[in-house]
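Please construct the entire structure, taking both the sequences and the accompanying hints into account.
Read top to bottom, the protein sequences are chains S and B.
Residue numbers for the first sequence, in this note's numbering: 507 to 711.
Residue numbers for the second sequence, in this note's numbering: 30 to 370.
Where hints are given, some of them may not hold.
Restricting the straight-line Cα-Cα distance to at most 30 Å, the calculated cross-link-like pairs of lysine-lysine (DSBU-like) are [stated by the list, open to error]:
hint : chain 1 : residue 1 : chain 2 : residue 2
1    : B       : Lys-55    : B       : Lys-43
2    : B       : Lys-208   : S       : Lys-510
3    : S       : Lys-514   : B       : Lys-208
4    : S       : Lys-553   : B       : Lys-179
5    : S       : Lys-695   : S       : Lys-602
6    : B       : Lys-179   : S       : Lys-539
7    : S       : Lys-585   : S       : Lys-697
8    : S       : Lys-590   : S       : Lys-602
9    : B       : Lys-208   : B       : Lys-43
10   : S       : Lys-621   : S       : Lys-671
11   : S       : Lys-521   : B       : Lys-179
12   : B       : Lys-93    : S       : Lys-602
13   : S       : Lys-671   : S       : Lys-695
14   : S       : Lys-590   : S       : Lys-671
15   : S       : Lys-674   : S       : Lys-602
16   : S       : Lys-701   : S       : Lys-590
17   : S       : Lys-521   : B       : Lys-208
18   : B       : Lys-55    : S       : Lys-602
19   : S       : Lys-697   : S       : Lys-590
20   : B       : Lys-90    : S       : Lys-602
FYI, nobody ran anything at the bench for these hints, they're computed from the structure.
Here the structure is a predicted model, which is why all the values come from computation and not from measurement.
Chain by chain, the residues run as shown.
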Amino acid sequence: MYGKGILKGLSVTWKRFWDTYLDDISWWLSGRKRYHSEEGVRHRSSKNTRGIFTVQYPEEQLIQPEEFRYVPFLVYDEKPDGGKEVRCTSCGICAKVCPPQCIWIVRTNNPQTGKPVPEPAEFYIDMDICMNCGFCAEYCPFDAIKMDHDFDIASYGRNVYNLEKLLKPASYYAQIRPQNYSREEEARKAKEAAKAAKAEAAAAA
Amino acid sequence: MAVSLNGETITGLKPVMGYLHRNHDKIGERNTFLQIIPYTDRLDYFNSMANNFGYVTTVEKLMKISVAERAEYIRVIMAELTRIQNHLVFIGMLLNDLGTLYTPALYAFEERELILDIFEAVSGARMMCNYFRFGGVVRDIPDDVMQKIKDLVYDRLPAKTEEMERFLNENEVLVARLKGIKVLNAEEAVRLSVTGPCLRASGVPYDIRRADPYSVYDRFDFDVAVRYNGDMYDNYLIRFDEIYQSLRILDQAVRQIPRGTDQLAETAVPGAGPGGRGVRTGRIPEGRTWLLRRLQRQAEPIPLSRPRAFLCQPDRAGDHVRRRQDRGLRRPAGDAGHRDG
Ligand code: SF4
Ligand code: SF4
Numbered sequence: 507m508y509g510k511g512i513l514k515g516l517s518v519t520w521k522r523f524w525d526t527y528l529d530d531i532s533w534w535l536s537g538r539k540r541y542h543s544e545e546g547v548r549h550r551s552s553k554n555t556r557g558i559f560t561v562q563y564p565e566e567q568l569i570q571p572e573e574f575r576y577v578p579f580l581v582y583d584e585k586p587d588g589g590k591e592v593r594c595t596s597c598g599i600c601a602k603v604c605p606p607q608c609i610w611i612v613r614t615n616n617p618q619t620g621k622p623v624p625e626p627a628e629f630y631i632d633m634d635i636c637m638n639c640g641f642c643a644e645y646c647p648f649d650a651i652k653m654d655h656d657f658d659i660a661s662y663g664r665n666v667y668n669l670e671k672l673l674k675p676a677s678y679y680a681q682i683r684p685q686n687y688s689r690e691e692e693a694r695k696a697k698e699a700a701k702a703a704k705a706e707a708a709a710a711a
Numbered sequence: 030m031a032v033s034l035n036g037e038t039i040t041g042l043k044p045v046m047g048y049l050h051r052n053h054d055k056i057g058e059r060n061t062f063l064q065i066i067p068y069t070d071r072l073d074y075f076n077s078m079a080n081n082f083g084y085v086t087t088v089e090k091l092m093k094i095s096v097a098e099r100a101e102y103i104r105v106i107m108a109e110l111t112r113i114q115n116h117l118v119f120i121g122m123l124l125n126d127l128g129t130l131y132t133p134a135l136y137a138f139e140e141r142e143l144i145l146d147i148f149e150a151v152s153g154a155r156m157m158c159n160y161f162r163f164g165g166v167v168r169d170i171p172d173d174v175m176q177k178i179k180d181l182v183y184d185r186l187p188a189k190t191e192e193m194e195r196f197l198n199e200n201e202v203l204v205a206r207l208k209g210i211k212v213l214n215a216e217e218a219v220r221l222s223v224t225g226p227c228l229r230a231s232g233v234p235y236d237i238r239r240a241d242p243y244s245v246y247d248r249f250d251f252d253v254a255v256r257y258n259g260d261m262y263d264n265y266l267i268r269f270d271e272i273y274q275s276l277r278i279l280d281q282a283v284r285q286i287p288r289g290t291d292q293l294a295e296t297a298v299p300g301a302g303p304g305g306r307g308v309r310t311g312r313i314p315e316g317r318t319w320l321l322r323r324l325q326r327q328a329e330p331i332p333l334s335r336p337r338a339f340l341c342q343p344d345r346a347g348d349h350v351r352r353r354q355d356r357g358l359r360r361p362a363g364d365a366g367h368r369d370g
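Next comes the structure, spelled out in structure tokens:
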């Protein structure tokens, strides 16, 4: 029969249409919130999702996995007196590894001796050029630069970020990447303990 | 590309050079090997994982870097997932161009989104994954993501692919628009260096994963999808065949993948390697991709040892005429060939 294929196809769209409402009813009956809730968004990203699929950004947002990466930021540790201890030593590795070459670093020199101090005087990343590849975070030996989760950065102007705009506290980093953060902290503590043990052994000898 | 048409038959073709050249080869001259990986994502944003794959295998072959066992499986899993979403979107977009605006395309995008969730969880990005490294991949697949892959491979994708077939295969309008259109026979396909599903839809069972297996493809049991009419309808159907074969490979890969993260290689940053050139072909879902790399030892050491590199995909940057024709043959109802290019 001519048109059978079309009808068969339409049954698929028809089923999808009703699935949305059937699921709405079953969610409602079981007292769960299907829209504008984390559970609902999670369900729509799971294998069981059927019917409606759209996540209504910006009212709803997809759940970001920990590894999600957007533009980089610089991490600072909070000092007890409220000051910022910038982790970056201005070693320049990130600037070298950056594929589109969008990082500029100016080193600090000690005004008396003229020798370099391990802290950046200026640090710029051109976010319009950054390709969000994540290499800088991957290769920084001091865990000083990390990839952000904050992706709503659209603007009318140029986005050249300076040190002030790039710096974010370690607590923020711990919040967006808890697993990475605790792994790095553990490694750092182990390293410090090994160093202390070595110093002790040297002192005892 | 100026195309003269008689109905849906191309009678004349005048390519205009210079478009779609995105300077990848020029950037390749400046960048180190490692720095080129994220650019391979951008060669085709529907297949970033597969492009990563082709590129890193080339460099690994040149530099004689061995790859961690588990990473090989992860690579295959990612490449096959990429193929599935690519083919589904191909079908959706084909229907778009046939006038079925967006319903099939969005059905395809649903499955693609679920696959991209996996990519995002492992690599950090949905499209520009930058996930492969020489000797391995960036990070292991966490258990929950592995579970999601299994869920998709076993529960969802087979059913959804079947649903797509039920939705479209017998549709009389679709059949009328595709059957017998653009017949490309086997000899012609070979002469024009057509690759990928288009070649196989013309009756040539040539699949690089079988003909010259790279990575661990020799360990999997799968059939080379082939169809014989060489028309648009076969080109369309073969995508489904390939999706089912990819699911077969995925099924074996998720069962065989060795456990333990210790088998993942440390990310290797190759320094100046041995001089020479290497060609490696990888099979991205759209067909065969050629990656040619030429290395020269640098006279002076440059920070991060920067070998001269040359990245070229004749498919994209080189032979435009062939490429354009190629595309025309591949996606006739789609974009380039038939209308404007
Ligand atoms: S962010 Fe890291 S890699 Fe970049 S200069 Fe600072 S310490 Fe070095
Ligand atoms: S994410 Fe990539 S492109 Fe962006 S600053 Fe870091 S290395 Fe450069």
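Verification of the supplied hints:
Simply put, Lys-55(B) and Lys-43(B) have alpha-carbon atoms about 26 Å apart, close enough for the 30 Å limit, and the pair holds. For the proposed pair Lys-208(B) and Lys-510(S), the alpha carbon gap of about 17 Å is at most 30 Å, so the pair holds. The hinted pair formed by Lys-514(S) and Lys-208(B) meets the criterion: a straight-line CA distance of about 19 Å does not exceed 30 Å. A C-alpha spacing of about 10 Å is found between Lys-553(S) and Lys-179(B), which places the hinted pair at or below 30 Å, so the restraint holds.
Taking the CA atoms of Lys-695(S) and Lys-602(S), the gap is near 28 Å; set against the 30 Å cutoff, the hint holds. Taking the CA atoms of Lys-179(B) and Lys-539(S), the gap is about 27 Å. The hint holds against a cut of 30 Å. With a C-alpha separation of about 21 Å, the suggested pair Lys-585(S) and Lys-697(S) falls inside the 30 Å cut-off, and the hint holds. For the given pair, Lys-590(S) sits about 25 Å from Lys-602(S) by alpha-carbon distance, which is consistent with the 30 Å threshold.
Using a Cα cut-off of 30 Å, the hinted pair Lys-208(B) and Lys-43(B) holds, with the two alpha carbons roughly 27 Å apart. For the proposed pair Lys-621(S) and Lys-671(S), the alpha carbon gap of about 27 Å is at most 30 Å, so the pair holds. A C-alpha spacing of about 25 Å is found between Lys-521(S) and Lys-179(B), which places the hinted pair at or below 30 Å, so the restraint holds. For the proposed pair Lys-93(B) and Lys-602(S), the alpha carbon gap of about 25 Å is at most 30 Å, so the pair holds.
Taking the CA atoms of Lys-671(S) and Lys-695(S), the gap is about 29 Å. The hint holds against a cut of 30 Å. The straight-line distance between the Cα atoms of Lys-590(S) and Lys-671(S) is roughly 14 Å, inside the 30 Å bound, and the hint therefore holds. Of the supplied pair hints, the one linking Lys-674(S) and Lys-602(S) holds, its CA atoms being roughly 22 Å apart against a limit of 30 Å. Note on Lys-701(S) and Lys-590(S): the hinted pairing holds, with a Cα-Cα distance of about 25 Å set against a maximum of 30 Å.
Of the pairs offered as hints, the one joining Lys-521(S) and Lys-208(B) holds, with about 28 Å between alpha carbons and a cut-off of 30 Å not exceeded. Restraint check: the Cα-Cα separation between Lys-55(B) and Lys-602(S) comes to about 18 Å, which is no more than 30 Å; the hinted pair holds. Simply put, Lys-697(S) and Lys-590(S) have alpha-carbon atoms about 23 Å apart, close enough for the 30 Å limit, and the pair holds. At most 30 Å may separate the alpha-carbon atoms for a hinted pair to count; Lys-90(B) and Lys-602(S) meet this at roughly 25 Å.
Violated hints: none; the structure is consistent with every hint.
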